[in-house]
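**Student:** Heads up: the sequence lines are chains L and Z, in that order. Each residue of the first sequence is one higher than the last, beginning at 152 in our numbering. Each residue of the second sequence is one higher than the last, beginning at 152 in our numbering.
No lab work stands behind these hints: they were computed from the structure.
When chains are identical, the list treats them as one kind, so a pair holds in a single copy or across two.
Straight-line Cα separation of at most 30 Å, DSS-like style, residue types lysine-lysine; simulated pairs: (1) Lys204 <-> Lys321; (2) Lys205 <-> Lys321; (3) Lys205 <-> Lys163; (4) Lys154 <-> Lys204.
Just so it is clear, the structure is predicted and the values come from calculations on it, not from any experiment.
Number of protein chains: 2
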Amino acid sequence: MVKQERAARTRKALIRAGAEVVARDGLAGTSLTTISARAGVSNGALHFHFETKKALAQAIEAEALTTVRQIVRDAAAPGGGPLEALVAATYRLMSAIAGDVVVRAGFELSDDPGRGGGPSIRREWQVWVEQALWRAGQDGWLAEGVSAHDAASAVVAATVGFEVLGGQDKAWLSEAKVTGLWDLLLPRLTERHALVRAAAEAGEAATGSAAADPDTP
Amino acid sequence: MVKQERAARTRKALIRAGAEVVARDGLAGTSLTTISARAGVSNGALHFHFETKKALAQAIEAEALTTVRQIVRDAAAPGGGPLEALVAATYRLMSAIAGDVVVRAGFELSDDPGRGGGPSIRREWQVWVEQALWRAGQDGWLAEGVSAHDAASAVVAATVGFEVLGGQDKAWLSEAKVTGLWDLLLPRLTERHALVRAAAEAGEAATGSAAADPDTP
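Produce the entire structure from the sequences given, and follow the hints as far as they go.
**Tutor:** Here's what the structure looks like:
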């Protein structure tokens with residue numbers, strides 16, 4: 152039991168150390184030796200958990216994906232509309248990318264040639280945004296003349312842009328940037344923008360402390 | 152003279168081959184030997200032109216930057232407003248990223264840890280977009296309640312998002328995506344959106360053939 156716990160802790164430390172190195176240098180610039188040294192474990196222990204860099208990258212992506220799925224689930228407040236969930240999810244996602252190196256590395260791995268296939272986190276985020284805006288259109292939330300498809304592309308592109316630019320300058324991941332984006336987009340997307348904004352803010356206030364520090368278990 | 156011409160041609164071939172490999176694998180995953188083989192020149196010739204990967208990366212960025220500066224200069228039609236220039240520049244930039252591997256690699260190098268400092272192309276694009284929207288605000292083009300700063304952030308983030316997502320799927324760099332973004336943003340940014348759109352389209356129609364194929368010298 153104690154041995155299993157220690158193994159789980161070591162695995163977690165390796166994923167975190169791997170994420171730190173990947174976020175800084177990319178997968179190709181990363182060596183397994185650097186990662187084991189950073190995690191404070193032997194090379195042998197690292198190889199016990201992850202035989203290759205690709206295996207470690209996949210573990211980082213899997214853990215990041217779990218967090219992102221939790222974020223979009225939590226953003227869908229009971230009784231809330233799809234636009235409210237979308238707005239809340241963007242705030243929480245940017246906060247997680249800023250504060251949780253595993254989420255950041257998971258996103259960055261999305262277009263890494265060495266990641267080894269499978270659906271990426273950026274792709275999953277894109278599908279979720281498209282569904283949220285499609286539902287908003289179906290439920291009559293979108294203003295006349297607004298295409299759910301175009302709106303989804305704009306939101307996906309802007310959030311991926313924040314994520315990428317945030318790698319160099321964390322200001323791109325700040326609440327102010329997300330607010331600026333929605334100040335611009337919401338009045339065009341929906342006539343009920345004040346309502347969506349107020350509901351999303353009320354939801355954030357109710358759960359804000361949990362979202363503010365994604366590193367807290 | 153012939154020798155100088157041959158050296159210039161070799162240098163150009165190396166920059167192009169380097170850009171192709173960098174765009175595919177990133178700088179860390181790239182070896183100078185792969186690049187010289189791809190360009191069809193000896194390792195010695197490569198080292199004559201570029202002593203290190205960093206030197207080659209800087210040459211790629213410099214050439215890409217020259218193209219991007221030309222794009223934003225050309226987008227500013229004589230007598231046209233700043234929003235018209237901004238709209239035209241986004242079409243031309245996405246077309247260049249899709250069709251010119253040196254421009255694509257130059258953008259991708261913007262957040263490469265091995266690029267070796269100096270202002271990046273993404274950064275220069277950001278400054279230009281901020282200036283265009285600041286001028287639009289000064290000249291009375293922006294609708295009431297629209298912040299030039301927020302608008303610039305949204306446009307920069309969305310275009311960087313298109314660029315990054317376009318590395319995996321070229322549809323993100325298509326005219327349709329850029330049109331979708333402006334269909335969403337322009338009616339919010341300015342009351343004169345129909346005018347801006349018509350002027351930008353007229354400008355494109357006049358010079359469209361040049362922008363459509365950025366690889367043509």
